[in-house]
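What follows is each chain in one-letter form.
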Amino acid sequence: MYPNDFRYTKEHEWIKVAGDEALVGITDFAQHQLGDIIYVELPPVGKELALRQSLSVVESVKSVSDVYAPISGQVVAVNDELAQTADLVNKDPHGKGWIVRLKVKDKKEVDGLMTAGDYEKFLEGLEH
Amino acid sequence: MKKTRFNELHKKLGGKMIEFCGWEMPVEYSGIIPEHMAVRTRAGLFDVSHMGEVLITGKQALAYVQWLTPNDAARLAPGQVQYTALMTPESTFVDDMLVYCIGPEEYFLVVNAANVDKDFAWIAGHTKGFDVEVENQSDGYSQLALQGPLAEKMLQPLTGIDLAGMKSFHWAKGKVVGKDCLVSRTGYTGEDGFEIYTTDPDPGIIWTTLIENGTPLGLLPIGLGARDTLRLESKLMLYGNDISDKTTVLEADLKWIVKLQKGDFLGRPVVEKQLAEGLKRKLAGFELAEPGVARPHYPVYVKGQKVSEVASGTFSPLLKKAIGLVYLPIEATAVGTEFEIEIRTKRIKARVIPTPFYKRADKK
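Note that the protein sequences, when read in sequence, are chains L and R. Position 128, counted from 1, in the first sequence is what numbering that gives the first Met the number 0 calls 127; the numbers after and before it change by one each time, with no gaps. Position 275, counted from 1, in the second sequence is what numbering that gives the first Met the number 0 calls 274; the numbers after and before it change by one each time, with no gaps.
If you're looking for bench data, these hints aren't it; they were derived computationally from the structure. It is possible that part of the hints are untrue.
Chain L is nowhere near these chain R residues, computed Cβ spacing over 10 Å in every case [claimed, not checked]: (1) Asp-138; (2) Thr-228; (3) Trp-255; (4) Thr-313; (5) Pro-328.
Below, computed lysine to any residue pairings styled on SDA-like, alpha-carbon distance capped at 20 Å [what the hints assert, rightly or not]: (6) L:Lys-90 with R:Arg-343; (7) R:Lys-15 with L:Asp-27; (8) R:Lys-348 with L:Leu-41; (9) R:Lys-345 with L:Glu-126; (10) L:Lys-90 with R:Lys-319; (11) R:Lys-320 with L:Ala-82; (12) R:Lys-320 with L:Tyr-67; (13) R:Lys-319 with L:Thr-84; (14) R:Lys-319 with L:Val-63; (15) R:Lys-15 with L:His-31; (16) R:Lys-15 with L:Val-63; (17) L:Lys-90 with R:Lys-345; (18) R:Lys-15 with L:Tyr-67; (19) R:Lys-348 with L:Val-56; (20) R:Lys-320 with L:Asp-86; (21) R:Lys-320 with L:Val-44; (22) R:Lys-345 with L:Val-63; (23) R:Lys-15 with L:Lys-46; (24) R:Lys-10 with L:Val-63; (25) R:Lys-319 with L:Val-56; (26) R:Lys-319 with L:Ser-62; (27) R:Lys-345 with L:Ser-62; (28) R:Lys-319 with L:Gln-83; (29) R:Lys-345 with L:Tyr-67; (30) L:Lys-46 with R:Arg-343; (31) R:Lys-345 with L:Val-44; (32) R:Lys-281 with R:Leu-237; (33) R:Lys-1 with R:Ala-112; (34) R:Lys-15 with L:Thr-84; (35) L:Lys-90 with R:Met-36; (36) R:Lys-319 with L:Tyr-38; (37) R:Lys-320 with L:Ser-64; (38) R:Lys-348 with L:Glu-126; (39) R:Lys-320 with L:Leu-122; (40) R:Lys-15 with L:Gln-32.
As the structure is a prediction and not an experimental result, all values here were calculated from the model. No residue lacks a Cβ here, since even glycine has one placed at the ideal position from N, Cα and C.
Construct the complete structure from the given sequences, taking the supplied hints into account.
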């Protein structure tokens, strides 16, 4: 379910590092909690994000939820497809439903995040 | 938390349970959008047992209902139902409700879950001078709603009541899946459909039989999430959002439930005053002109001035746009008027549009 080459946060974001850039999205658990997603507010390309700064807002029919930067860095790209098809986040949260691509500033921030195994354990704890 | 008699069945169907007005209720099963569309195109089954039921009986039952409400209950024959309000002397809302005429000395009131205790205290507290008895029967009742264009087709094989012969806002008593029920052609979705009341202590078989028989025809169980999007598309009021003890019946754009020719009733002098002087504000429907969703309590600006907050607001699964209701200064309520809603830190353009946002084509 949760890819081994991703890292995860307690707020249910994922990050996939490739070279000095990283894709960021929300996890399958998060999309399931939100329900039908209808709108994703995207940041401007070029924006500098501090660690834990809100980078996007995801609206489902019933609620609205912030997505926080798992690491600090500059936004180098956003997933423009979400403007028309926000439900990609529901359908393919770990793939086509990515939200932004960041320039990694400090690799140590990535190392501090949860592995897939850690995240799955963390989710088990939430259900009890 | 209180549980309805269908609680375990919701959990078996994968209902996501939340606390609502002290009740553990399903907010969604398969998702708000698929549930919403099932009701618009096929049918949906709701557990609405959290609603309250109050019985008024006695020689002056009709006179008392007439005193408490602005609509004309004298127009009801036994077998008919009416949408009306419990009104304060200020012509604001204690609640909105359905009144069922059971007989000339018997009226059955169905009120909102959030207001049951307050409503009953209000109803029991104003009986002075009326020869009536009032009884809060809420705990004894379970209520299901079967809503959607296929509702009649799904329910008819399970009941001896002639549903084809039942007009909108009419009711009849009879068996449903062998259980004694009161069935009315009413609902809170804007679709054709029925509300099924029973005092049977073990009514689960009604739910399970409807689900089993209806599923092949596209029936889905529906949670509170889609109940809200469905009612808002049809501009059906939600107490606490669109109407309250701070909003008058005329401001809520519910003049059609006010029948002045019927005689005196609580709040009437304020209604007459507002009719004579005109309204300062009114509930209007809007759509967003930009992407986003305007949710309740978001600040609303007309010509740069904060005038109110969003009353109800959501994404309409049918119209695929953000819609809502808001109290606007009367001069800003004309269709086409543009104003702004603050969504997080940005002011987003909105415009007044005609309501209801959705009306079914075959309305009976």
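Hint check results:
1. Every CB of chain L is more than 10 Å from the CB of R:Asp-138 (nearest about 29 Å), matching its label as outside the interface.
2. For R:Thr-228, the shortest C-beta to C-beta distance to chain L comes to about 6 Å, within the 10 Å cut-off, and the non-interface label is violated.
3. The claim that R:Trp-255 lies off the interface holds: its Cβ sits roughly 29 Å from the closest Cβ of chain L, which is beyond the 10 Å cut-off.
4. Residue-level check failed: R:Thr-313 sits 7 Å from the nearest beta carbon of chain L, not beyond 10 Å.
5. Taking the minimum C-beta to C-beta distance to chain L, about 27 Å, the non-interface status of R:Pro-328 holds against the 10 Å cut.
6. Straight-line distance between C-alpha atoms of L:Lys-90 and R:Arg-343 comes to about 27 Å, which puts the hinted pair past the 20 Å bound.
7. For the proposed pair R:Lys-15 and L:Asp-27, the alpha carbon gap of about 16 Å is at most 20 Å, so the pair holds.
8. Note on R:Lys-348 and L:Leu-41: the hinted pairing holds, with a Cα-Cα distance of about 18 Å set against a maximum of 20 Å.
9. Of the supplied pair hints, the one linking R:Lys-345 and L:Glu-126 is violated, its CA atoms being roughly 36 Å apart against a limit of 20 Å.
10. A threshold of 20 Å between alpha carbons decides the hint, and for L:Lys-90 with R:Lys-319 the separation of about 18 Å falls inside it, so the pair holds.
11. Under the criterion of a C-alpha separation no larger than 20 Å, the hint pairing R:Lys-320 with L:Ala-82 is consistent with the structure, at around 13 Å.
12. A distance of roughly 26 Å separates the Cα atoms of R:Lys-320 and L:Tyr-67; the hinted pair therefore is violated under the 20 Å criterion.
13. The straight-line distance between the Cα atoms of R:Lys-319 and L:Thr-84 is roughly 12 Å, inside the 20 Å bound, and the hint therefore holds.
14. About 17 Å separates the Cα atoms of R:Lys-319 and L:Val-63, which keeps this hinted pair within 20 Å; it holds.
15. For the suggested pair R:Lys-15 and L:His-31, the alpha carbons sit about 11 Å apart, so the restraint of at most 20 Å is met.
16. Between R:Lys-15 and L:Val-63 the CA atoms are separated by roughly 17 Å; this keeps the pair inside 20 Å, and the hint holds.
17. Between the alpha carbons of L:Lys-90 and R:Lys-345 the distance comes to roughly 29 Å, so the proposed pair goes past 20 Å and is violated.
18. A threshold of 20 Å between alpha carbons decides the hint, and for R:Lys-15 with L:Tyr-67 the separation of about 25 Å lies outside it, so the pair is violated.
19. Proximity of R:Lys-348 to L:Val-56 is assessed by CA-CA distance (about 18 Å); at most 20 Å being required, the pair is judged to hold.
20. Restraint check for R:Lys-320 and L:Asp-86: satisfied, since their Cα atoms lie roughly 14 Å apart, inside the 20 Å limit.
21. Of the supplied pair hints, the one linking R:Lys-320 and L:Val-44 is violated, its CA atoms being roughly 26 Å apart against a limit of 20 Å.
22. Between R:Lys-345 and L:Val-63, the direct Cα distance comes to roughly 15 Å. Compliance with the 20 Å bound is thereby established for this hinted pair.
23. A hinted pair counts as satisfied when its Cα atoms are at most 20 Å apart, and R:Lys-15 with L:Lys-46 does not qualify at roughly 37 Å.
24. A hinted pair counts as satisfied when its Cα atoms are at most 20 Å apart, and R:Lys-10 with L:Val-63 does not qualify at roughly 25 Å.
25. Our distance criterion of 20 Å between C-alpha atoms is met by R:Lys-319 and L:Val-56, whose separation comes to about 19 Å.
26. In summary, the hint linking R:Lys-319 to L:Ser-62 is supported, as the alpha carbons are separated by about 16 Å, within the 20 Å threshold.
27. Between the alpha carbons of R:Lys-345 and L:Ser-62 the distance comes to roughly 18 Å, so the proposed pair stays at or under 20 Å and holds.
28. Using a Cα cut-off of 20 Å, the hinted pair R:Lys-319 and L:Gln-83 holds, with the two alpha carbons roughly 12 Å apart.
29. Restraint check for R:Lys-345 and L:Tyr-67: the C-alpha separation of about 19 Å stays at or below 20 Å, so the hint holds.
30. For the proposed pair L:Lys-46 and R:Arg-343, the alpha carbon gap of about 18 Å is at most 20 Å, so the pair holds.
31. Of the pairs offered as hints, the one joining R:Lys-345 and L:Val-44 holds, with about 18 Å between alpha carbons and a cut-off of 20 Å not exceeded.
32. Our distance criterion of 20 Å between C-alpha atoms is met by R:Lys-281 and R:Leu-237, whose separation comes to about 16 Å.
33. Note on R:Lys-1 and R:Ala-112: the hinted pairing holds, with a Cα-Cα distance of about 11 Å set against a maximum of 20 Å.
34. Taking the CA atoms of R:Lys-15 and L:Thr-84, the gap is about 25 Å. The hint is violated against a cut of 20 Å.
35. For the given pair, L:Lys-90 sits about 18 Å from R:Met-36 by alpha-carbon distance, which is consistent with the 20 Å threshold.
36. Restraint check: the Cα-Cα separation between R:Lys-319 and L:Tyr-38 comes to about 11 Å, which is no more than 20 Å; the hinted pair holds.
37. Among the hinted pairs, R:Lys-320 with L:Ser-64 is consistent with the structure: their alpha-carbon atoms are about 19 Å apart, no more than 20 Å.
38. For the hint linking R:Lys-348 to L:Glu-126, the alpha-carbon distance of about 41 Å lies beyond 20 Å, and the restraint is violated.
39. For the hint pairing R:Lys-320 with L:Leu-122, the CA-to-CA distance comes to about 33 Å; that exceeds 20 Å, so the pair is violated.
40. For the proposed pair R:Lys-15 and L:Gln-32, the alpha carbon gap of about 9 Å is at most 20 Å, so the pair holds.
Checked against the numbered hints above, the structure violates hints 2, 4, 6, 9, 12, 17, 18, 21, 23, 24, 34, 38 and 39; every other hint is satisfied.
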